[in-house]
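Engineer: So you can see what is in the structure, the chains are spelled out below.
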Amino acid sequence: MGNVLVWVVWFLAAGGCLASGIAVVSVTNPFFSALALIGNLASLAVLYLLLAAEFLAAAQVLVYAGAVMVMFLFVVAYLGGRADAPWAGGPPLVRTAAVVAAAALLVEVLVVLGLAWGDSLQEPANVSDSFGSPAEIGELFLTDHLLAFEITSIVLLVAAIGGVVLGTTPEKEADG
Amino acid sequence: MSGPDVGWYLIVAALLFGIGALGVMMRRSPLIVLLSLEIMLNAANLTLIAFARQQGDLAGQIFALSVMAVAAAEVAIGLGLIVAMARRRLVLDVDQASALRG
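Each protein sequence line maps, in turn, to chains P and S.
In this text, residue positions in the first sequence follow my numbering: the first is -17, and each later residue adds one.
In this text, residue positions in the second sequence follow my numbering: the first is 508, and each later residue adds one.
I should point out that these hints are in silico values taken from the structure, not numbers from a laboratory.
Backbone N, C-alpha and C define an ideal beta-carbon position, used for all residues, glycine too.
Derived CB-CB ranges, DEER-like:
#: 1; chain 1: S; residue 1: 574; chain 2: P; residue 2: 142; range: 14 to 24 Å
#: 2; chain 1: S; residue 1: 512; chain 2: P; residue 2: 56; range: 32 to 42 Å
#: 3; chain 1: P; residue 1: 137; chain 2: S; residue 2: 601; range: 21 to 31 Å
#: 4; chain 1: P; residue 1: 44; chain 2: S; residue 2: 601; range: 25 to 35 Å
#: 5; chain 1: P; residue 1: 83; chain 2: S; residue 2: 598; range: 20 to 30 Å
#: 6; chain 1: S; residue 1: 564; chain 2: P; residue 2: 129; range: 14 to 24 Å
#: 7; chain 1: S; residue 1: 598; chain 2: P; residue 2: -3; range: 30 to 40 Å
#: 8; chain 1: P; residue 1: 112; chain 2: S; residue 2: 600; range: 48 to 58 Å
#: 9; chain 1: S; residue 1: 598; chain 2: P; residue 2: 105; range: 47 to 57 Å
Work out the full structure, taking the sequences as your base and the hints as a guide.
Structural biologist: Pasting the structure below:
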């Protein structure tokens, strides 16, 4: 019975994920596009929970659906009508090539999956209940992956400084 | 592991990656290109977490967390660029923003 419930949750989350993903790339108003991405991120967090990644699911909702998307919505609001993204334009050849390239990527991944399907994909490892908990992630981050942790902080610092530099008014440069 | 095998998660990730790639290549608004990039990054994250669960190895989740941090940095810079483009009265169209100038 519990197994059926997991499948139902999985179908809802995966369906919501794909539907909101299609909405993100097809809607013309960036505001709705950003809202659809929040739905996408939330349903992905459900999939993360099913994969025993509790901490990442929480981080996904807090960092992505919270902080990043709020910043995004602020920029869309700042741009106002200029942010509208109509579908029109672009030579048909380019659009056809884009569809073909995306389909090729998809087929490539699915073929690789199909080749590996029978072998190792069917036997997931047995993991303890604490797999993916904040305690285990934190311990790994501060022992085995300390360098990656520190480099991540530098990347975020550089990005923050870059955001400030890009956001300063261009008029000042012209005066000097 | 009750419920779907890891392969099903990988199929969802592949479809999401295809959708995101289509968005990056088809749309011309830099805002929507950024959002589509986020979809692609999240598809990669889903793959990493699915394999972490399947191998019973938390390194995949650590990697996914790092990808999240890089994605946040990327959005900060990308939005900064878009605001800078808007302030200089450039057209918000990735096809027309083809020249780099100081």
